[in-house]
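2 protein chains.
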Amino acid sequence: MTYYAFDDASRQTLADSAYAQLRRDIIVGTRAPGERLRIEKLKKIYEIGPTPLREAMQKLAQDGLVNSEGNRGFTVAPLNANEFQDLNLARTVIEKEALRLSIEQGDNLWEARVVAAAYIMGKEDAMLSEALGDLPDSWEKANAELHASLVSACGSDWLIKIRTGLHDLCERYRRASVNQKIGSRNLQAEHSGIVEAALARDADKACALIEAHFGLTAAMLVPKEPTHKEAVSQTE
Amino acid sequence: MTYYAFDDASRQTLADSAYAQLRRDIIVGTRAPGERLRIEKLKKIYEIGPTPLREAMQKLAQDGLVNSEGNRGFTVAPLNANEFQDLNLARTVIEKEALRLSIEQGDNLWEARVVAAAYIMGKEDAMLSEALGDLPDSWEKANAELHASLVSACGSDWLIKIRTGLHDLCERYRRASVNQKIGSRNLQAEHSGIVEAALARDADKACALIEAHFGLTAAMLVPKEPTHKEAVSQTE
DNA sequence: AAAATAATGAATGTCGAGAATATGAAGCTG
DNA sequence: CAGCTTCATATTCTCGACATTCATTATTTT
Chain A
1309 MTYYAFDDAS RQTLADSAYA QLRRDIIVGT RAPGERLRIE KLKKIYEIGP TPLREAMQKL
1369 AQDGLVNSEG NRGFTVAPLN ANEFQDLNLA RTVIEKEALR LSIEQGDNLW EARVVAAAYI
1429 MGKEDAMLSE ALGDLPDSWE KANAELHASL VSACGSDWLI KIRTGLHDLC ERYRRASVNQ
1489 KIGSRNLQAE HSGIVEAALA RDADKACALI EAHFGLTAAM LVPKEPTHKE AVSQTE
Chain B
1309 MTYYAFDDAS RQTLADSAYA QLRRDIIVGT RAPGERLRIE KLKKIYEIGP TPLREAMQKL
1369 AQDGLVNSEG NRGFTVAPLN ANEFQDLNLA RTVIEKEALR LSIEQGDNLW EARVVAAAYI
1429 MGKEDAMLSE ALGDLPDSWE KANAELHASL VSACGSDWLI KIRTGLHDLC ERYRRASVNQ
1489 KIGSRNLQAE HSGIVEAALA RDADKACALI EAHFGLTAAM LVPKEPTHKE AVSQTE
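Protein sequence lines, in the order shown, are assigned to chains A and B. In terms of this note's numbering, the first sequence is numbered consecutively and its last residue is 1544. In terms of this note's numbering, the second sequence is numbered consecutively and its last residue is 1544.
These are computed hints drawn from the structure, not numbers from a lab. Predicted model only: the values in this text are computed from it and were never measured. Incorrect hints may have been included.
Derived lysine-lysine pairs resembling DSSO-like cross-links, with alpha carbons at most 27 Å apart [stated by the list, open to error]:
hint, chain 1, residue 1, chain 2, residue 2
1, A, K1469, B, K1349
2, B, K1352, A, K1469
3, A, K1513, B, K1351
Pair ranges (Cβ atoms, derived) [to be verified]:
hint, chain 1, residue 1, chain 2, residue 2, range
4, A, G1463, B, A1497, 28 to 36 Å
5, A, E1355, B, E1412, 47 to 55 Å
6, A, E1412, B, D1371, 46 to 54 Å
7, B, V1336, A, G1381, 56 to 64 Å
8, B, V1486, A, K1352, 29 to 37 Å
9, B, K1431, A, E1355, 40 to 48 Å
10, B, D1510, A, G1357, 15 to 23 Å
11, A, R1380, B, K1352, 40 to 48 Å
12, A, D1371, B, Q1393, 23 to 31 Å
13, B, A1497, A, G1381, 47 to 55 Å
14, A, D1371, B, T1359, 16 to 24 Å
For every residue, glycine included, the Cβ atom is placed at its ideal position computed from N, Cα and C.
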């Protein structure tokens, strides 16, 4: 009987694999906010034992995607508007600084990466004019890559690491919401404006545009109907 | 609001307790940078089974205090000057923003907390004039409380959470170094300058002083010894 | 002798079962 | 009927044992 699902060269443990799967499922929304994560149930779903599952949970709890209360198990972290404002604030701070450093230090390779990401983003944005409801995965991917490319030359692994964590947390909020006003925005113009400022090495302008960009996105988030009872946000 | 909220001690699991102990031991230096963390060895030391130990490890790995390589166990994250520069950069960004927000929004209670922390810090700094080698725990505690109090009114739980993590990572570096020039600094003046600027609601000045404060601390860090290899060879 | 391969020992990662704890229902007291 | 206690059930957490992988040495081959 083989323990490992990935017999090939990938040196990944079951705990790592469970972590990756659960993480994606939580961000995408397969596991709803507030949902209880019972070990016995998850054992059957992911077909692994309790030990690697619990290890994955602990990591997710550290990420802020899962709440862990001693002897009372784990739940998917609930969504609430207050926390998102907070999250967006912290994210903006980090992203601006990383962008500023990136603009100061970026080389040709950085420019090339930004240009390439902007090219794809442009096409995705153009196709988006009438799209309502969920954004296509290709758009999500292009958007993530564009923003990642912009800050990729900041030279600070920790800024990147923190940025990535906050980005993922915010993405869960975005995916859990309906962007009703997506049509009223000119995302293409916003994106190209940021890219142009970055390539022109105008850090102040790029930072201002990024801040506005994040602010607009945040302002337009409208919660979907909660798919789970506990998902109803309550102020505490 | 504290990041590690254990308001009811009876609700502590062994995994939580192992996490807390290991975390402290790593930050303080009891577990040396680069040291391998073998489960069997730790089982005897902390007198618990492998499962809660592994869960604690995964959390610590997520914090950046432990490195985890699939099927090759865990090691205490090594120290290196490059990473510290990086860490200090990210920390400064966060701390400045949190301080600015705190100064804008702080109420009487915040002022009182800052004044109280500054009072204790002043006494600790005064006693420090001729101290060499390790700083006393009482000083560490007062210093941590002063800086925590300054940013405590920023209103962003996530900024605080990130700040706390970075603070702890930096503290490990500070504890692992000899502050030979501790005497050449006027810590009392630095601290009181920051506090005065904060209470005067001069955010720009306070941020500038904090940045200089962190920069000076970073510049003075001198590694104690190349303890890495010794730590590895220390089998039991 | 050097390189490649096989064998050995040690450490890691995983599982199922059992102990500890929480949840909820039933019964008792006032 | 409210409030408290007791008991039963379900879930979490922990442990010891075992399968798997890694690292090192011994053996064979060119």
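For each hint, the structure was consulted:
1. A:K1469 to B:K1349: 31 Å, violated
2. B:K1352 to A:K1469: Violated, at roughly 34 Å.
3. A:K1513 to B:K1351: Roughly 55 Å between the alpha carbons, so the hint for K1513 (chain A) and K1351 (chain B) is violated.
4. A:G1463 to B:A1497: 28 to 36 Å: 32 Å, holds
5. A:E1355 to B:E1412: 47 to 55 Å: 52 Å, holds
6. A:E1412 to B:D1371: 46 to 54 Å: Given about 29 Å between the Cβ atoms, the range is violated.
7. B:V1336 to A:G1381: 56 to 64 Å: Violated: the Cβ-Cβ distance is about 32 Å, outside 56 to 64 Å.
8. B:V1486 to A:K1352: 29 to 37 Å: 55 Å, violated
9. B:K1431 to A:E1355: 40 to 48 Å: Violated - the Cβ-Cβ distance for K1431 (chain B) and E1355 (chain A), about 60 Å, lies outside 40 to 48 Å.
10. B:D1510 to A:G1357: 15 to 23 Å: Roughly 57 Å apart at Cβ, these two residues miss the hinted range, so it is violated.
11. A:R1380 to B:K1352: 40 to 48 Å: 30 Å, violated
12. A:D1371 to B:Q1393: 23 to 31 Å: 25 Å, holds
13. B:A1497 to A:G1381: 47 to 55 Å: 51 Å, holds
14. A:D1371 to B:T1359: 16 to 24 Å: At 21 Å between Cβs, range holds.
In summary, the numbered hints that this structure violates are 1, 2, 3, 6, 7, 8, 9, 10 and 11.
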